Amino acid sequence: MEHARMELARHWRHRHARYRLQGSRHTTTGAIAFPPRDGSEWEPTLLSGQGTVVTYTVIHQPPLGHHGEVPYVLAIVALAEGPMITAQLSDCRANEVQIGMPVEMVTRLLGNEGDDGLLLYGYKFRPLLV
Amino acid sequence: MRPVYIAGTGMTAVAEHWTRTALSLARDAAHLALQQSTINRIDGVYVANGSGAPLGLHQNIAPAVAHALDLHGVEAISFESAGAAGGLAIRHAATAVAAGVADAILVVGVEKVSDFLDEHREESMALTSDTDWESLHGVTLTAQWAMLMRKYMHDYAVTPHDFAPFPVNAHANAVANKLALYRFAISADKLAGAGMIADPLSLLDSATMADGAAAVIISATPASAAPPVRISGSGVASAPVALHERTDLLDLSAVRLSSQRALHAAGIPANHIQAFDLHDPHGIAAVLAFEAMGYAARGTGTQLGSSNAIRPDGSVPVALSGGCKARGDLFGALGVYQIAELTAQLRHTAANQVPNCQHAMAQSMAGIANTVVTHILSRD
Chain A
1 MEHARMELAR HWRHRHARYR LQGSRHTTTG AIAFPPRDGS EWEPTLLSGQ GTVVTYTVIH
61 QPPLGHHGEV PYVLAIVALA EGPMITAQLS DCRANEVQIG MPVEMVTRLL GNEGDDGLLL
121 YGYKFRPLLV
Chain B
131 MRPVYIAGTG MTAVAEHWTR TALSLARDAA HLALQQSTIN RIDGVYVANG SGAPLGLHQN
191 IAPAVAHALD LHGVEAISFE SAGAAGGLAI RHAATAVAAG VADAILVVGV EKVSDFLDEH
251 REESMALTSD TDWESLHGVT LTAQWAMLMR KYMHDYAVTP HDFAPFPVNA HANAVANKLA
311 LYRFAISADK LAGAGMIADP LSLLDSATMA DGAAAVIISA TPASAAPPVR ISGSGVASAP
371 VALHERTDLL DLSAVRLSSQ RALHAAGIPA NHIQAFDLHD PHGIAAVLAF EAMGYAARGT
431 GTQLGSSNAI RPDGSVPVAL SGGCKARGDL FGALGVYQIA ELTAQLRHTA ANQVPNCQHA
491 MAQSMAGIAN TVVTHILSRD
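Residue numbers (the working numbering), protein chains in the order written: chain A, 1 to 130; chain B, 131 to 510.
Hints listed in this document are in silico derivations from the structure and should not be mistaken for laboratory results. Please note that the accuracy of each hint is not assured.
[To be verified] Label-pair restraints from in silico Cβ distances: (1) H16(A) with D245(B): 38 to 46 angstroms; (2) Y19(A) with T261(B): 12 to 20 angstroms; (3) H26(A) with T261(B): 22 to 30 angstroms; (4) A94(A) with P485(B): 43 to 51 angstroms; (5) G325(B) with L128(A): 52 to 60 angstroms; (6) A322(B) with H16(A): 45 to 53 angstroms; (7) L129(A) with P370(B): 28 to 36 angstroms; (8) G114(A) with L333(B): 41 to 49 angstroms; (9) G100(A) with H291(B): 17 to 25 angstroms; (10) L128(A) with D245(B): 40 to 48 angstroms.
[Said to hold, decoys possible] List time: in silico SDA-like cross-link candidates among lysine to any residue, alpha-carbon distance up to 25 angstroms: (11) K281(B) with G100(A); (12) K281(B) with H26(A); (13) K320(B) with L333(B); (14) K281(B) with V70(A); (15) K281(B) with Q50(A); (16) K281(B) with I99(A); (17) K281(B) with A94(A); (18) K320(B) with H60(A); (19) K281(B) with L46(A); (20) K281(B) with M84(A); (21) K281(B) with L128(A); (22) K281(B) with P83(A); (23) K281(B) with G82(A); (24) K320(B) with P71(A); (25) K281(B) with R93(A); (26) K320(B) with M101(A); (27) K281(B) with E43(A); (28) K281(B) with A9(A); (29) K281(B) with P35(A); (30) K281(B) with G49(A); (31) K281(B) with D91(A); (32) K281(B) with T28(A); (33) K281(B) with E113(A); (34) K281(B) with E104(A); (35) K281(B) with H60(A); (36) K281(B) with H16(A); (37) K281(B) with G117(A).
[What the hints assert, rightly or not] Partial chain A-side listing against chain B, Cβ under 8 angstroms, derived: (38) H14; (39) Y56; (40) M101.
These figures come from a predicted structure and were not determined experimentally. From the three backbone atoms N, C-alpha and C, an ideal C-beta is built for every residue, glycine too.
Generate the whole structure from the sequences, applying the supplied hints.
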């Protein structure tokens with residue numbers, strides 16, 4: 001029995017970040033943040049989705065709910081605007097991934113709760129198509 | 131503030147205790163500690179347990195432990211801060227005794243994880259990451275250490291082989307520890323052939339969680355026939371939970387800050403520590419901790435392994451009881467096991483004894499060093 005962890009509101013409230021990589025821009029300093037920040041000094045800003053791989057791993061022993069994805073590549077990506085983000089890499093083989101590799105954001109299925117549950121979509125990154 | 135002593139210690143074996151409950155393990159460890167001590171009144175029971183709530187087993191176990199020990203009505207507090215729970219319970223007990231709020235507190239660390247499959251344990255441990263922005267994407271703690279190891283290998287041109295001395299040392303030391311989970315040696319060659327859990331971290335460079343309980347009596351008096359051992363310093367620090375929110379991925383800043391605070395409180399320089407026990411589920415964790423604390427320069431931490439400095443006869447002996455890798459990963463109970471094990475070092479009764487050990491360091495953490503607690507133990 002899997003946890004009922006893909007609750008609707010919990011994911012809906014992050015929809016702008018998950019679906020179009022909306023972060024935050026500091027109104028005074030211009031600093032860019034992702035995940036988005038709360039507070040009156042921050043305003044929404046769309047990120048380009050372009051970045052490079054800072055580091056990565058290939059997961060063979062997954063946590064609950066990710067069995068069907070094994071082996072999958074998980075990475076920390078430095079976004080072009082500055083912030084780093086943790087996400088899976090998609091549309092590539094594990095042995096093709098390298099530190100420094102240019103990547104771009106794509107929307108993919110992140111989780112499937114089963115027949116009565118949610119299909120959860122959000123960002124992954126793939127090698128930059130040239 | 132009064133000096134604070136270790137008046138008794140007790141540990142169960144680290145194992146898959148199929149016939150036992152968390153409460154019965156906790157009771158065993160506590161009885162051993164109480165037998166070792168001349169304390170006749172316990173003012174409080176602090177219980178560390180990191181996995182009970184996320185695994186859906188129990189929450190706030192402290193009053194149940196107090197009741198099981200027939201300590202009716204005593205102050206009983208649960209510490210559930212994941213892998214840092216044990217260290218934090220020790221710190222708060224020591225603080226209460228030092229301040230005169232209590233004269234003797236029984237600290238128990240207990241974990242009961244073997245009833246759950248690996249994927250459940252991985253998920254419960256992954257809750258100590260950022261759940262919305264890390265765990266959701268299939269992150270595990272092992273995966274995060276693996277990403278740090280990959281970056282380290284890239285930045286400093288080292289290979290997985292360079293990390294092998296850490297699990298090899300841990301296993302070699304565990305052979306003499308009758309309570310260890312894995313009492314056998316492994317070779318660097320065998321390690322090289324092990325299957326991957328999260329590439330580049332293999333099975334043989336990854337700790338196994340297991341069941342066990344440890345107990346320590348924190349007291350205003352030595353209250354024991356053994357040579358007095360004091361908690362001479364303690365420090366806690368925090369860092370951003372999500373790795374991607376840290377400015378320098380390979381800098382475990384909370385390790386540095388907590389160790390500095392603990393050494394400052396103890397009033398001794400870093401090079402006076404003769405025995406270490408770190409939160410070392412993988413070689414990379416020990417390497418980054420030693421670098422953050424200044425025992426190795428950035429990018430040179432693996433040389434502590436290749437030069438044998440980490441072995442019992444080296445300059446920074448670590449994992450003397452087998453570490454997380456071979457003694458077993460006790461998660462929230464680790465911080466209490468460490469104090470019990472290092473107390474034996476300072477009483478000069480340890481299985482892998484460092485000659486004339488006067489000062490030792492215990493360090494445990496939640497997540498990837500988002501809360502880190504460090505203790506210095508000293509023999510007068």
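A quick look at each hint next to the structure:
no.	hint	in the structure
1	H16(A) with D245(B): 38 to 46 angstroms	holds (41 angstroms)
2	Y19(A) with T261(B): 12 to 20 angstroms	holds (19 angstroms)
3	H26(A) with T261(B): 22 to 30 angstroms	holds (25 angstroms)
4	A94(A) with P485(B): 43 to 51 angstroms	holds (47 angstroms)
5	G325(B) with L128(A): 52 to 60 angstroms	violated (32 angstroms)
6	A322(B) with H16(A): 45 to 53 angstroms	holds (46 angstroms)
7	L129(A) with P370(B): 28 to 36 angstroms	holds (32 angstroms)
8	G114(A) with L333(B): 41 to 49 angstroms	violated (30 angstroms)
9	G100(A) with H291(B): 17 to 25 angstroms	holds (23 angstroms)
10	L128(A) with D245(B): 40 to 48 angstroms	holds (46 angstroms)
11	K281(B) with G100(A)	holds (11 angstroms)
12	K281(B) with H26(A)	violated (30 angstroms)
13	K320(B) with L333(B)	holds (11 angstroms)
14	K281(B) with V70(A)	holds (22 angstroms)
15	K281(B) with Q50(A)	holds (20 angstroms)
16	K281(B) with I99(A)	holds (8 angstroms)
17	K281(B) with A94(A)	holds (16 angstroms)
18	K320(B) with H60(A)	holds (19 angstroms)
19	K281(B) with L46(A)	violated (28 angstroms)
20	K281(B) with M84(A)	holds (14 angstroms)
21	K281(B) with L128(A)	holds (21 angstroms)
22	K281(B) with P83(A)	holds (17 angstroms)
23	K281(B) with G82(A)	holds (18 angstroms)
24	K320(B) with P71(A)	holds (23 angstroms)
25	K281(B) with R93(A)	holds (19 angstroms)
26	K320(B) with M101(A)	violated (32 angstroms)
27	K281(B) with E43(A)	violated (33 angstroms)
28	K281(B) with A9(A)	violated (35 angstroms)
29	K281(B) with P35(A)	holds (22 angstroms)
30	K281(B) with G49(A)	holds (22 angstroms)
31	K281(B) with D91(A)	holds (22 angstroms)
32	K281(B) with T28(A)	violated (33 angstroms)
33	K281(B) with E113(A)	violated (33 angstroms)
34	K281(B) with E104(A)	holds (20 angstroms)
35	K281(B) with H60(A)	holds (19 angstroms)
36	K281(B) with H16(A)	violated (30 angstroms)
37	K281(B) with G117(A)	violated (37 angstroms)
38	H14	holds (6 angstroms)
39	Y56	holds (6 angstroms)
40	M101	violated (12 angstroms)
Hint violations for this structure: numbers 5, 8, 12, 19, 26, 27, 28, 32, 33, 36, 37 and 40, all remaining hints satisfied.
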